[in-house]
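Colleague: One letter stands for each residue in the lines below.
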Amino acid sequence: MAEFLSLPDAIARYVDDGATVALEGFTHLIPFAAGHEIIRQGKRDLTLIRMTPDLIYDQMIGAGCAKKLIFSWGGNPGVGSLHRLRDAVEKGWPRRIDILEHSHAAMANAFEAGAAGLPLAVLRGYIGSDLPKVNDQIKFIECPFTGERLAAVPSIRPDVSIVHAQKADRHGNVLVEGIVGVQKEAVMAARTSIVTVEEVVDTLDTHPNACVIPGWVINAVARAPGGAKPSYTHGYYPRSNKFYKDWDAIARDREAFTAWLDEHVHGKTHQEA
Amino acid sequence: MAEFLSLPDAIARYVDDGATVALEGFTHLIPFAAGHEIIRQGKRDLTLIRMTPDLIYDQMIGAGCAKKLIFSWGGNPGVGSLHRLRDAVEKGWPRRIDILEHSHAAMANAFEAGAAGLPLAVLRGYIGSDLPKVNDQIKFIECPFTGERLAAVPSIRPDVSIVHAQKADRHGNVLVEGIVGVQKEAVMAARTSIVTVEEVVDTLDTHPNACVIPGWVINAVARAPGGAKPSYTHGYYPRSNKFYKDWDAIARDREAFTAWLDEHVHGKTHQEA
Amino acid sequence: MSDGYTSGEMMTVTASRALRDGQSCFVGIGLPSEAANLARLTHAPNVVLIYESGTLATKPEVLPLSIGDGELCETALTTVSVPEMFRYWVQGGKIDVGFLGAAQIDKYANLNTTLIGDYTDPKVRLPGGGGAPEMATCTGEIFITLKHSKRTFVEAVDFVTTVGFGRDGTARDGVPHIGAGPTRVITDLCVMQPDPETRELTVTSIHPGVGRDEIIEATGWAIAFADDVTDTAEPSDQELHVLRALKARTETHHAAS
Amino acid sequence: MSDGYTSGEMMTVTASRALRDGQSCFVGIGLPSEAANLARLTHAPNVVLIYESGTLATKPEVLPLSIGDGELCETALTTVSVPEMFRYWVQGGKIDVGFLGAAQIDKYANLNTTLIGDYTDPKVRLPGGGGAPEMATCTGEIFITLKHSKRTFVEAVDFVTTVGFGRDGTARDGVPHIGAGPTRVITDLCVMQPDPETRELTVTSIHPGVGRDEIIEATGWAIAFADDVTDTAEPSDQELHVLRALKARTETHHAAS
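Sequence lines, in order, name chains Y, G, U and D. Here the numbering used here is used: position 227 in the first sequence is 227, and no number is missing along the way. Here the numbering used here is used: position 10 in the second sequence is 10, and no number is missing along the way. Here the numbering used here is used: position 98 in the third sequence is 98, and no number is missing along the way. Here the numbering used here is used: position 202 in the fourth sequence is 202, and no number is missing along the way.
Simulated from the structure, these hints should not be mistaken for lab results. Incorrect hints may appear among the rest.
To be verified - Result set (EDC-like, lysine to aspartate or glutamate): computed pairs, CA atoms no more than 16 angstroms apart in a straight line:
1) G:K139 with Y:E142
2) G:K242 with U:E251
3) G:K91 with G:E199
Please build the complete structure, drawing on both the sequences and the hints.
Modeller: Structure representation (structure tokens):
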């Protein structure tokens, strides 16, 4: 059964240095508040997993939290590069990070296989691509029925997955609505999980087939109103496209980034953020 | 794009003698009207696929439509046996049928793999069971990452899948709500598909993550109000548990069954049924 | 047996007590469903009941006739597809207890729901595996509840639909990610548990008023008794009251439809 | 070039015309999204637009900045999970056309969105594969739209993120269940299609006012011209009007957020 914790307590309890961590949310519901708390608590040597690293991992990588990134599309959507990610990969600032890259299809399947308790995902993928040459986690198997060659990737089983959602009820059951991405899979595939929510309500009051992550597969639920900003929460607030565009200039420059981080992350607490 | 057809026209167009056919609906939304139309049209030599054959396949098997049944649980839920199925398997009446049986997990995975365009499903299944001894479609593969032995079954790709749903909009987009079973997977895995609906509406008027099967993956939509009776349609009418109990006596006896079939299926048209 | 309750009620109440509050339980239809709902309505209000039709954390007012009655969906936290049920919930290891019935069980707790006789020429054709084969290996542990009789409790099942501990008690040894399997069999006469060494089902608790000879007589193999066999506790008035009310509601409801 | 429209508008309008009404189209962000939505708002009102964020049959009023803008979900028929998107919709073969952009394309229509230079010591690190690698093999066919320049149109890409016809034009030969791949590349200068024999990209249509030398100059390999090169039809007033209104709405919308 999910336990209600403050966000700082949840991060302190479940995110260890060196852990494999997935903060998911496909464009929508990106758990920025949780990422910032990880930065504030100075977590180190994390293996970060996320289909689209987005600004949140750009910030965490720039803050020195990560030693490795597993991803499938590492840009600032509609704007350009993730400059902190590039600086770490290309120049080793603030530290060198290893990358392991997949296609979206492979990562989505790997999260799905993780949720399904399987050691691998099988997909019709990577045909003709050079990605298998640079990612030794991509193998190929033969279908025992048709002989067809199919790609196989290890399932993703993070030490901890963190997602943001609209709301939780008093039992810690969580409603995710809109672009649901791989959030449910990330939570179910993980050894432990934290969900931040806009609000806690008496009843989820939803439809019969809603995407509800039951409290008994979640370790901690933390209230974090606005916790997905500058991304968005369907039904609560829109995406700040302006921030995504402004980020380009901030992230291009190490000093500008460091100043931004000091003011907007280190200089704030969870409550103010 | 789905075409709106009458149920008799849809069955005549898409269900050929000898075809592999899946009428799905897990307890809920069982497409009885479509099954009865198949009986009325005298279809023969069908390979019937369904996790839970239920009364609908008992009736179709008793009427002589099937040469083979692929299934995972063949009872009258909460009541007992499917006597027409047993009579066909045990005594060859009205004709002998072959059976190929799976577990629910394997069939659900096989439908899912079919929807996913894969030739096989991989699952942690059939450990210690005798089912692989009597079903040569169950194989085992080794995970290339962990070495674990995993079960593999061929995906299910019916010639035609038929499901019942609450409603369609004018473009043939279909809403399925409540216990959604493997209906969406059955439709997406099939070469062709027919969906019967309680009603056709201007707009589905539903929530962002509803189980909607888009019209462009459906071949035919047919209006069939009450088309799931004596099973039920969430939001429209309840299950007739009485009929399920009464069926036991009807189906136990060949003559009683034949009389029932004459009166309630052959003696009616789609409109009256 | 006391005049106060039937052996069936004794069985259901004992089975219900096996569930702990807060556990997630995959519920088979019939006796398991009765016991699991009784647990939810008595000592385990936060038990999470899951039916293979995809209904998560359902709280039916009346017992369902089928695994997919409307009542289950209407009272569920949410309802997922059947592929998701078997992939994410069962195989994904999210279920603590699988609660099963069976047509035949043997001394290694293997279950047969496929057929009596030979596969190609069955004496009696039974419904088949359904959700049980993977529930028995993917959930944390398995409880089995069924009435005691020689026809049901056999030396070796005709067909292993669902593995207990295999033909020789070793089927789970060394298998990665496999659950503990059957930890408890609750009948109308007693409770049996696998011997820690041999895995053979052994009587560990006897219901009030039942003699050892009755159990021996109703079991198709030379049933062993644990050294420290206990007396099963009697149903409480409250348990009997709740169970009877549940069954009465159920009967009224199903008679009307 | 006529004063009436820009080369960018010419490109978008030509790309939009490649889509037929009723087709299902997996839409990449940027130029593909602009072209696909223009098609929907002009000659192909029943085109089904699908974004990898899971939004099916979406009808955004303004162009999304990201692949998962709220607008896409709010105007969609329904929104599915990302695993379902890639399993049932892309891999399941439910998409007629994949509409892609790229940072680099070569003469066999292989796409590079991974990096410029060497993998272990990149000159420029690009975002990576995203949805493209499997879209290119699982959808019926692929349209690619991007601006023509020698930097972009290279003899051989530094890295094959997403296969066109491979390093030698044969990568699709004999592969089961593979789509037709890139059938059309639409730039601001011309339309190219793979030669039916060699699969080498060949100019089949030249935009009004563009000279062959311009295309040769902007292409990093010895570009071939088909025997029957046609003149691309000019944008209609209606297409230009709808496109400009769409872009104006988009600009206003994104400036406000």
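Colleague: So, for every hint listed, does it hold in this structure?
Modeller: Comparing the hints with the structure gives:
1. G:K139 with Y:E142: holds (13 angstroms)
2. G:K242 with U:E251: holds (12 angstroms)
3. G:K91 with G:E199: Between K91 (chain G) and E199 (chain G) the Cα gap is close to 41 angstroms, so the pair fails against 16 angstroms, i.e. violated.
Violated hint for the displayed structure: number 3, the only one.
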